[in-house]
Structures are given as structure tokens and as C-alpha cells.
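A.B. asks: Sequence:
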Amino acid sequence: MKVSQIMPERSQDITVEDVKALSSFKDYSTSQAEELINTIKTFTTIGLTICSQRSSPIKIIDLPNIKYEKKIA
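Using the working numbering, read the sequence shown as starting at 10 and increasing by one per residue.
Rather than coming from a laboratory, the hints here were simulated on the basis of the structure.
Zero decoy hints are in this set.
Here are the simulated DMTMM-like cross-link-like pairs (lysine to aspartate or glutamate), alpha carbons at most 20 Å apart as the crow flies:
(1) 29 x 43
(2) 50 x 27
(3) 29 x 44
(4) 50 x 26
(5) 35 x 22
(6) 50 x 22
Could you build the full structure based on these sequences and the hints that come with them?
C.D. replies: Next comes the structure, spelled out in C-alpha cells:
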């Protein structure tokens with residue numbers, strides 16, 4: 010799910026120039042700024058997806074019962 014699907018009112022994305030305008034990221038290369046933008050978008054999508062699913066029933070995932078054996082060196 011894309012951020013634009015969750016928040017259709019968004020009209021523009023952050024740009025490399027916006028990132029480099031911040032003092033913390035002024036020395037970033039273009040590729041580093043693009044990677045930062047993609048990371049922010051990914052985490053935003055994850056967060057918005059989780060928040061939008063809060064109204065739905067909680068899913069319980071059964072984990073296998075694994076017994077760990079101690080290995081003696």
C-alpha cells in the first residue's frame with residue numbers, strides 16, 4: 010500500500026533539495042538523500058498501515074513451540 014493511497018490529500022513529496030536544506034543532511038550525496046527519502050516513505054507506510062488496521066480485529070499468530078537444546082562446547 011502506498012502512502013498516497015492512505016493519505017490521498019498529499020500534494021507533493023519531499024525532494025532531495027528539501028533533505029539537503031536541513032543542516033543534519035547538508036553533506037549527503039544525491040543518492041544518500043534519495044535513500045533517506047525512500048526509508049522515510051517506507052517507515053511512514055508501515056506506520057500508517059498499522060494505524061489504519063487498528064480498527065480491525067487483532068490477528069493472533071500461533072508460533073511453533075520450539076524447544077532449544079543447550080549445546081556444550
